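Under the working numbering, think of the first position of the sequence shown as 400, with each following residue one higher.
If you're looking for bench data, these hints aren't it; they were derived computationally from the structure.
Watch out, some of these pointers could steer you wrong.
Quick list of in silico lysine-lysine cross-link-like pairs, DSS-like style, CA-CA up to 27 Å [as the list claims (entries may be wrong)]:
| # | residue 1 | residue 2 |
| --- | --- | --- |
| 1 | K539 | K525 |
| 2 | K622 | K611 |
| 3 | K553 | K487 |
| 4 | K521 | K614 |
| 5 | K519 | K406 |
| 6 | K451 | K521 |
| 7 | K449 | K595 |
| 8 | K595 | K539 |
| 9 | K554 | K525 |
| 10 | K519 | K539 |
| 11 | K451 | K487 |
| 12 | K554 | K610 |
Keep in mind the model is a prediction, meaning the values are calculated, not measured.
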Amino acid sequence: MSKDYSKFINRPGYQVPSGYDPSRYPSPSATTDVVIFSFFDGRLWVLLVKRKRMPFQGYWAIPGGFVNPDEDLEASARRELFEETGIKGLKLYEFGAFGHPRRDPRTRTITIGYLALVRKEKVKPKAGDDADEVGWFWAKRPPELAFDHILVLKKALQRLRELSLLTPALFELLPGTFTVEQFTGLYLELFGKSYKPGWILKSLLAQNRVKKTGKDRYYFKRKNFSPLILFLNKK
Numbered sequence: 400m401s402k403d404y405s406k407f408i409n410r411p412g413y414q415v416p417s418g419y420d421p422s423r424y425p426s427p428s429a430t431t432d433v434v435i436f437s438f439f440d441g442r443l444w445v446l447l448v449k450r451k452r453m454p455f456q457g458y459w460a461i462p463g464g465f466v467n468p469d470e471d472l473e474a475s476a477r478r479e480l481f482e483e484t485g486i487k488g489l490k491l492y493e494f495g496a497f498g499h500p501r502r503d504p505r506t507r508t509i510t511i512g513y514l515a516l517v518r519k520e521k522v523k524p525k526a527g528d529d530a531d532e533v534g535w536f537w538a539k540r541p542p543e544l545a546f547d548h549i550l551v552l553k554k555a556l557q558r559l560r561e562l563s564l565l566t567p568a569l570f571e572l573l574p575g576t577f578t579v580e581q582f583t584g585l586y587l588e589l590f591g592k593s594y595k596p597g598w599i600l601k602s603l604l605a606q607n608r609v610k611k612t613g614k615d616r617y618y619f620k621r622k623n624f625s626p627l628i629l630f631l632n633k634k
């Protein structure tokens with residue numbers, strides 16, 4: 400149990416009321432799903448697993464599963480991700496909840512979505528548990544997904560765009576040193592032609608947020624970070 404919660408639980412008021420019957424109220428199942436993004440070969444990719452069992456046997460899906468009764472939500476997300484892909488130790492960003500009454504044919508489920516950003520060379524996905532295969536797919540054109548996972552993916556993309564404008568997330572997807580083409584390619588994958596990535600990179604250079612190193616290569620100076628949205632609003 401986290402220290403944050405121990406102070407709430409270890410109080411006189413933390414007790415079950417006399418005569419309380421939890422079976423009087425329906426209890427939906429809780430699940431967690433983890434959307435992993437990576438950028439390589441000029442495209443933004445999402446990691447998916449092929450389901451081994453029904454429902455949606457043979458469909459590609461976002462890695463995830465049921466929360467154990469004694470488990471924190473983020474701990475569940477990390478466990479399910481490791482069991483199905485062999486990946487662990489990633490920074491997770493919570494981005495939304497999905498609870499349509501019929502999203503799962505087995506029972507009423509409410510899922511919490513997390514996203515993570517990785518460089519492809521840093522991970523070696525391997526299918527496990529109820530995942531038959533694991534693979535990278537272009538985030539813009541994924542295969543038909545199980546459950547309502549296309550909605551989960553769309554919400555994750557929306558959150559990634561927000562993170563890219565407000566945090567250093569954009570640079571977490573780029574190599575340690577990157578080219579203009581890589582920066583431009585990732586920016587266009589996320590935002591299309593809404594803004595001019597070349598102009599933004601020049602602005603970052605002028606403000607010492609990005610530094611040139613060697614021929615046609617750049618690196619991000621984390622300590623000098625300013626939200627990209629500040630540069631967009633100036634153009």
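Okay, the hints, checked on the actual structure:
1. K539 / K525: holds, 23 Å
2. K622 / K611: holds, 16 Å
3. K553 / K487: holds, 23 Å
4. K521 / K614: holds, 25 Å
5. K519 / K406: The hint is violated at about 40 Å.
6. K451 / K521: holds, 26 Å
7. K449 / K595: Violated, at roughly 37 Å.
8. K595 / K539: holds, 20 Å
9. K554 / K525: holds, 25 Å
10. K519 / K539: holds, 18 Å
11. K451 / K487: holds, 21 Å
12. K554 / K610: It is violated: about 32 Å lies between the C-alpha atoms, which goes past 27 Å.
Checked against the numbered hints given earlier, the structure breaks hints 5, 7, 12 and satisfies all the rest.
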